[in-house]
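Student: Residues per chain, in single letters:
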Amino acid sequence: MLISKSEEAFHALYASQAGGVRRFLRGMVGGNHQVAEELTQDAFIKAWKALPTFAFKSTLKTWVYTVALNTARDWLRGHGGKTFVALDPETLNAAETESAEVRAVREALLELDEETRALLMLHYYEDLDLQEIAKILGIPQGTVKSRLFTAKGKLRPKLVAKGFAV
Amino acid sequence: MKNEFEKLDRFMREHKPALETSRPMKAPRARSWWLPVAAGAALAVALVVTVNIQNHNAALEQEAVAGMEALDWDMNEDELPADVSDLVALVD
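Residue numbers (this note's numbering), protein chains in the order written: chain B, 1 to 166; chain L, 1 to 92.
Isolated chain B, as found in the complex:
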């Protein structure tokens, strides 16, 4: 169905993955809703255009996240690796409704380098297993496991500094 490139197929892919992809991208770029929205649309358009090259070596889910991660990397590179939280109404509104803990976690993740941040978000937020994360990051599963251990070791003191006993 997807290879037929029908609009219905695209909508099915978008409906099932857009929420997670947008959450992931928002975390990557610093909580900015507008940027996350633009990058989500951008990632899905790229995924759609590249669909004929999809070789079924991974699931569509991991493939879409791979495109999303590359989209985030491009954006961060274009902004000198700097993330920022814009004061657009949607972001401010979300900041009000988000719990203090969730905000603190977001901030702690933003203090980490982008590769560590991506790894932790794929693991904790998107609930992807080692094999899926390995596909997305293009590294062996064993490397994912060791990097995850290191990443958790980097995250914990950030949260402790914010007053959480983790």
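Check before you lean on any hint, since a few could be wrong.
[What the hints assert, rightly or not] Capping the alpha-carbon separation at 30 Å, the derived lysine-lysine pairs in DSS-like fashion look like this:
| id | chain 1 | residue 1 | chain 2 | residue 2 |
| --- | --- | --- | --- | --- |
| 1 | L | K7 | B | K49 |
| 2 | B | K162 | L | K16 |
| 3 | B | K61 | B | K162 |
| 4 | L | K7 | B | K61 |
| 5 | L | K7 | B | K162 |
| 6 | B | K154 | B | K135 |
| 7 | L | K16 | B | K135 |
| 8 | L | K7 | B | K46 |
| 9 | B | K158 | L | K7 |
| 10 | L | K16 | B | K145 |
| 11 | B | K135 | B | K145 |
[Stated by the list, open to error] Here's a subset of chain B near chain L, in silico, CB distances under 8 Å, partners left out:
| id | residue |
| --- | --- |
| 12 | R23 |
| 13 | R26 |
| 14 | F54 |
| 15 | V166 |
None of these hints come from the bench; they were simulated from the model.
Just so you know, even glycine gets a beta-carbon here, dropped at the ideal spot from N, CA and C.
On the provided structure of chain B, position chain L as indicated by the hints.
Tutor: Chain L alone, transformed into the frame defined by chain B:
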């Protein structure tokens, strides 16, 4: 083996941001190969028709001039030739 990040893992999973809704988007349409071909073909047909009309008009003009020359008749100065006059009278 004890997971030394057990508390961190639990904390992180308990404080996961909610799934976010994106605005619906339209599937980008693949560029059809036939669209530029059809546009090109339509332009070519329009050009051919225009050239044909121009050629046809030029041919008619030439024919008219040749006819006038054959009759040795200047439409600004001369009366209608007798045979044409007869024809006009007949039509009237």
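Student: Each of the hints needs a verdict: does it hold here or not?
Tutor: Structure-based check of all given hints:
{"no.": "1", "hint": "L:K7 x B:K49", "in the structure": "violated, 42 Å"}
{"no.": "2", "hint": "B:K162 x L:K16", "in the structure": "holds, 17 Å"}
{"no.": "3", "hint": "B:K61 x B:K162", "in the structure": "violated, 33 Å"}
{"no.": "4", "hint": "L:K7 x B:K61", "in the structure": "holds, 28 Å"}
{"no.": "5", "hint": "L:K7 x B:K162", "in the structure": "holds, 15 Å"}
{"no.": "6", "hint": "B:K154 x B:K135", "in the structure": "holds, 23 Å"}
{"no.": "7", "hint": "L:K16 x B:K135", "in the structure": "holds, 23 Å"}
{"no.": "8", "hint": "L:K7 x B:K46", "in the structure": "violated, 38 Å"}
{"no.": "9", "hint": "B:K158 x L:K7", "in the structure": "holds, 14 Å"}
{"no.": "10", "hint": "L:K16 x B:K145", "in the structure": "holds, 21 Å"}
{"no.": "11", "hint": "B:K135 x B:K145", "in the structure": "holds, 13 Å"}
{"no.": "12", "hint": "R23", "in the structure": "holds, 5 Å"}
{"no.": "13", "hint": "R26", "in the structure": "holds, 7 Å"}
{"no.": "14", "hint": "F54", "in the structure": "violated, 15 Å"}
{"no.": "15", "hint": "V166", "in the structure": "holds, 4 Å"}
Of the hints listed earlier, those the structure fails to meet are numbers 1, 3, 8, 14, in rising order.
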